[in-house]
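S.K.: With chain A fixed as given, assemble chains B, C and D with the ligands onto it according to the hints.
Protein chains in written order, with the numbering used here: chain A, 1 to 553; chain B, 554 to 1106; chain C, 1107 to 1396; chain D, 1397 to 1686.
Any given hint might turn out to be false.
Derived list of chain A stretches under chain D, where covered just means 3 residues or more per stretch with a C-beta under 8 Å from a C-beta of chain D [to be verified]:
(1) 26-36
(2) 185-198
(3) 219-232
(4) 243-249
(5) 359-371
No lab work stands behind these hints: they were computed from the structure.
Glycine residues also receive a C-beta, built at the ideal position from the N, C-alpha and C atoms.
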Amino acid sequence: MVQEYSVLIGGQAGDGIRLAGGSVARLFNRLGYWVFVYNDYQSLIRGGHNFTVVRASGKRVQAHRNKVDIIVAFNQETLEKHGWRLKDGSIVIFDSDSVKAEGLGLPLTGIASKRNLPLIVRNTAALGALASTLGLEFHLVEEVVRSSVRRNVEENIAVAKEGYDMSGGYRGFLRVQALNNPPRPILSGNEAIGLGAVKAGLKLYVAYPMTPSTPLLHYLAGNADELGIAVVQPENEIAVIGIAEGAAYAGVRTMVGTSGGGFCLMVEHLSLAGQAEIPIVIMLGERPGPAIGLPTYHAQGELFFPIFAGHGEFPRIVVSPGDAEEAFYLSAEAQNLAWRFQVPVILVADYSLLESSFSSVLDEGRVLIEKPKMWSGGGEYKRYLLTWDGVSPLAFPGTAGVTVKVNSYEHDEYGVTTEDPVLTVRNAEKRLAKSRAIEDELRKKETVKTYGNMQAETVLVTWGSTKGAVVEVAEEHGFGVLQPLYLNPFPVWEMEKHFPGKKNIVCVEANSTGQLARWIMFHGFRVDRTILKYDGRALTVDELEEKIKEVSA
Amino acid sequence: MVQEYSVLIGGQAGDGIRLAGGSVARLFNRLGYWVFVYNDYQSLIRGGHNFTVVRASGKRVQAHRNKVDIIVAFNQETLEKHGWRLKDGSIVIFDSDSVKAEGLGLPLTGIASKRNLPLIVRNTAALGALASTLGLEFHLVEEVVRSSVRRNVEENIAVAKEGYDMSGGYRGFLRVQALNNPPRPILSGNEAIGLGAVKAGLKLYVAYPMTPSTPLLHYLAGNADELGIAVVQPENEIAVIGIAEGAAYAGVRTMVGTSGGGFCLMVEHLSLAGQAEIPIVIMLGERPGPAIGLPTYHAQGELFFPIFAGHGEFPRIVVSPGDAEEAFYLSAEAQNLAWRFQVPVILVADYSLLESSFSSVLDEGRVLIEKPKMWSGGGEYKRYLLTWDGVSPLAFPGTAGVTVKVNSYEHDEYGVTTEDPVLTVRNAEKRLAKSRAIEDELRKKETVKTYGNMQAETVLVTWGSTKGAVVEVAEEHGFGVLQPLYLNPFPVWEMEKHFPGKKNIVCVEANSTGQLARWIMFHGFRVDRTILKYDGRALTVDELEEKIKEVSA
Amino acid sequence: MSLRLEDFSTYARNTWCPGCGNFGIERAAKLAFAELVNEGKIRRENIVMVTGIGCHGKIADYINVNSFYSLHGRAIAPAVGIKLANPMLEVLAFVGDGDALGEGLEHTVFAAKRNVDMTVIVHDNRVYALTTGQFTPTSPKGFRGGSTPRGAPEEPLNPIELMLVSGATFVARAYSVNLNHTKELVKQAILHRGFAFIDVLQPCYTFFDTYKYYGPRVYDLQKEGHDYADWDAAMARAREWNYGGEEVERIPIGIFFKADRPTYEEIVLAGRNLRDASVPKISGILLRHT
Amino acid sequence: MSLRLEDFSTYARNTWCPGCGNFGIERAAKLAFAELVNEGKIRRENIVMVTGIGCHGKIADYINVNSFYSLHGRAIAPAVGIKLANPMLEVLAFVGDGDALGEGLEHTVFAAKRNVDMTVIVHDNRVYALTTGQFTPTSPKGFRGGSTPRGAPEEPLNPIELMLVSGATFVARAYSVNLNHTKELVKQAILHRGFAFIDVLQPCYTFFDTYKYYGPRVYDLQKEGHDYADWDAAMARAREWNYGGEEVERIPIGIFFKADRPTYEEIVLAGRNLRDASVPKISGILLRHT
Ligand SMILES: Cc1ncc(C[n+]2csc(CCOP(=O)(O)OP(=O)(O)O)c2C)c(N)n1
Ligand SMILES: Cc1ncc(C[n+]2csc(CCOP(=O)(O)OP(=O)(O)O)c2C)c(N)n1
Ligand code: SF4
Ligand code: SF4
Ligand SMILES: [Mg+2]
Ligand SMILES: [Mg+2]
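For reference, chain A alone in the conformation it holds in the complex (with noise of 0.2 Å):
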């Protein structure tokens, strides 16, 4: 049986509830383990209740399971919410001094206060607890606590090391088996998205921050001198977009974060690059709406958003990883796309794929970045010369001798103003150009990925990090998953491939009106079932079983 191993990690916001749940990772990141973090947190700053649950397997997990192994709580509440997941032989480890129960407590606000250390340290001691309950040796807890603990790092190991002295009798209660690989980079989506956009040629990022995708502004923001490129955070999303439009029009990669309040704003600006054909790549994350809705939870609610948003007819492309893998890759190929074609291309997250954390195997080199057809030098140039594929070739401003004119309105191949109705009919048959053309590029590409046994009779259907859980489940039970990776265009060659003579296909996806259900069937195929939950949390492999016996009976 594959080994495998939960634990959460409860407690109030500016607990460092996050930052444990990725210490204890890396512990079993470096034990060459598969890891999957699940953050829940409130929209606040201080008080209420966090948790973060780490689920590590020798085999690939992207789900949280119910059940865990080890509750680690620093309050009370974490134990009245949570009490229900443990199981039998599960362990509780505990701050003594704020906590009741039974199991392993330690005085942690004692440890930290006793050094005059701030009470975050209590993470580092619980830490130590944790691994000693492992059976693990106490280098392993050191490592993990220099690789991720920026400030007073020996305090902290020494916290560390009280922690694990402290086990007593847990001491190796849940004997943890190393495993034979190397450790792996643990990404969340965000992580992953804004490498895969650098590796891709990105150089500048722009966002206003909102929950799900602030992560990503602060990561770039704290790794730009490394990765070469600049961040910058105007005033509102309308200015966010306006800013990249410029600066892609004047030959810069460039990519904006949102979420989907932002993303509101900027769809004139979508508009715009559809007219103008301006190179865009924008990350929209998704979290529980309509409106501020849940700012820090989970939901797949903007599926037909990105996909007919702006006024007006243009092509864009839709995109929607489901871990961070697929993120990092479709990250850089939506650069590539956005590029190669001209046009807007929306990358779609949903939160528990930019806030979990993934191990993830990445091969830089298999990024490439894909030069852009460019004006080559003859003749007089036009921004907006009609060819085959609707697409002109690009120059930028600076470039001696020529003249480069982008156009909110029509306009003729200079991209000077017309109205006249000739123009306009081969302008939209330009864009109409396009969207073959893009089409045709994609059907080379891997637009849908399938796990288990496609043979089967049940085929289940699911987008963004939902499929987590489904892969899991439809593995176990023997169905067939397919994953749309790309949206718009919709890859129904693939659905063609995959559906016919299934008797059985099941959505499940994070919202209340099967978004990805309804856009199946409107391209014509059945859809037997949906499993939508929309309570603003991730789904888990358990629920998910749950819910197929119902559906697959």
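M.R.: Chains B, C and D with the ligands in isolation, oriented as in the chain A frame:
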């Protein structure tokens, strides 16, 4: 045979072409004719080429034809551009001071300048000449001038008389027959929308100027006192909808008007209306996009966008009138539905509906203000009381003993923010319940209109003002016509009723991707062919006849 | 029966950080409401709070009066609409510095320009707090936050100056720690007929702890005889501190400027009542269309 | 070979009304470009015009240099992006009063605050002209237009004052009739290192004919010895005329204020070149994620 005349008036921007068209329409109106007036103008203030086609007929007409009986030319370009429209027996009336042509030349410029009047009075002189060629008595001209001219009335009448008297041999050339009908109001879609809303209780209109919605702003502002409403123009479209939503919260019926670009900026507030349950009517005027596109021309490019705009999932109604009468009644219905269900209603209206004028028979008594579900006064007030149909009773701030809290976050019944998963699901289901209640309500209403022979094998499906040409051609050729008045929720129940057995479903619309056709197909119906026009100009009857031959052959 | 602070509380669990300056603003607002109602100057049911999104916006949940919890940056336009719809209402916008001086700056400027009779209270913590600490329009240059680890690249905007040139007829600054002073300003702002703006210096304990900075520096303009009818003097006082750092020794609080001019809703409505349910006959208008 | 005005013309048919003040701005800009190129101070291919939407925006079609014809109110943000992408470019935004002081006001204020090295030229006809004559942020109170048949209900905004408090480092006003003066201001604005703002009084012959009003009133600040290094003096001059009506006798044009401070792109880029095509290795970063 039905009596019918078409008059084209052409000149530069600033020549008052549109006013002249209005006067000619009034002339025929007083003779008992149905009229339709199509305006074609450029995005500039002086110069360029503008023209207006007035079609007058013994039967209701709502589209123009290519050929005309009379051209009134204020400049040479008019003849260069429109000479092909002349038939045997057509007349050209022209300003002999600036145009070389055959026909009835009058020194229009001279007539104006010798009296020291602005050049625009050329219109009135031409009107006099036109009336004379139609064999009308002068008192009719005088009546029309008095009803349509504001400044220099007596001088205009004198000028008209001079034109009238100079028609020489052309007097009575086209001897038009008076029909035995009372004159009918001639209304543009903009005007009809304004009046319909007012009859349904509109008290505040908020807009930022944008073609083709600007005339609605001007019309309501110009008649604000008589209509008992306030009209405000804020700093941008975000403020427009914000102000309107604030006023709606405080209990006042509002409407906002814009075009695609401005609508883009309202999309975040659309989502707010969905979450906070604020009744709001948005008039979305369509023109060719993307981006600025062709600001003063015609398109039906936004079907999907209003249906799917906004982040998150929430109910909304999208309604699409096809002529001024429908605009009047549906604008009123939009108000009532918005308040009944506390949802956003988007009234999609294309350029040619908004800026053309139609003979319209309106019964203002048919429009009632439906009282929304109001708080009864008993017990504690809950703004978001859960009910079977998802609609909570309304109360407005200023009511003693009541606290009205609306919220952009997920909230409990009182309107206080929540992040609770159970309440989150409940609220999503409240919105789903509303969607169902809306559909139930629409099933009782006229949601599609049919015309012509619905038993025929060929049914033309169309929306918006395109129905003008479609209905005429269908009636002539024995086809049926189906025109959805509601685009969302889409009246599939009507399709189910009307589509079976039809061999040939043809969608006719003014865009390049066939949005209505796709929308119908998305709902599982077959569409056999599309006739798409996307050069920025409204379809004429003749053009459609040409194209219909191809597809019905 | 006289109302007390607690009468304006709700059951909502408060989630501001301990030590947050927002508590001071909440108290000041509740006290101002209670006192004005007790003094018979306003009616409780006529109070409407419109809020933006950010830590500040949570005040909508915490005060038991009518509220419109709007979008980020979009509190002020709905507030204007509410006032137009019902000028009897006392409309207050509780907004953030990021919210009303960044995301939706234009609405703030235009509400001032129009002299809408409303009150804007900026919870000016000079940081995007709820999104975990990025620089805002009023952050000092060099501010280190998640998006600017090497320091914010921009000089701050001085909202007092901005309001002075925008036409606001009541321009003030408060410090959330000075509860009584803040409360009095809120009361005066509500009673002011026209657009009242209070920039409240509100330390964000977690992301920008400015208590130590403000404490010794703030002084009360009114105690130093500042003439708030004098626009030039107001501008000069506004420029004493430009939201920068250590170099400044004194930060004025109190009323910078106050003036009287017609309000927007007076002019726009011209006596009309939009809640009037009567509907006009349009037959006369239709006749003009024939 | 020395360039002349005609060398900057395009084949586009000009559709401004006869008598429109925009012709003066177009000539001034072309002459300024030609002279600066001839003087060797800028390169022709480095000129980029970004325009808003309105009558003013058509200038993008009429001048044969690089251009980004943007959305209504949205010229300035793309201009900032262009400058960040390539600081060698000479970026000018030609904007409308409705466009840059109404629809997209925030971008104007923030570009000034940041001191982006660019030039903003407002075609300030004080009317929404292309949409046939509604009042704008700079229209006088009482302005009659399609949306305000009984007169605009708002006091105008003074863009000079606004720019002075926003941090612009070059603030000027021109009158489109004074071709040479306007051209000189455009040249100086381009050469200024930092955010340069010129509010050009541009009569709209059709919807707001202000020729007779401006003619006798405008005077040149520089001829009256105004010290543009003095912010207070600049503010005082700005307040001589508040975009109102008959009551004022003198309207200053010329440079109100000029100062030197670091530009945004210098600070943000810190010497980095975003057009550099090299791509970093990320293996080191990935290692830190293990
Ligand atoms: C359109 C939009 N953009 C971004 C956000 C994300 N957001 C929520 S709160 C916030 C920061 C608020 O800062 P501020 O207005 O200063 O309020 P504070 O939290 O400091 O009180 C942001 C950017 C949003 N909700 N909507
Ligand atoms: C978002 C948006 N709103 C409205 C419009 C319509 N519009 C086009 S031009 C214009 C007026 C422009 O006025 P101004 O900026 O002063 O320029 P001017 O025509 O006076 O030069 C407006 C409102 C638009 N194109 N986009
Ligand atoms: S983050 Fe700052 S502003 Fe927000 S609640 Fe905490 S202390 Fe207050
Ligand atoms: S309308 Fe006014 S601004 Fe526009 S071109 Fe004519 S005169 Fe110039
Ligand atoms: Mg703040
Ligand atoms: Mg203007």
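S.K.: For each hint, tell me whether it holds in the structure or not.
M.R.: Consistency of the hints with the structure:
no.: 1; hint: 26-36; verdict: holds (count 3)
no.: 2; hint: 185-198; verdict: holds (count 6)
no.: 3; hint: 219-232; verdict: holds (count 7)
no.: 4; hint: 243-249; verdict: holds (count 7)
no.: 5; hint: 359-371; verdict: holds (count 3)
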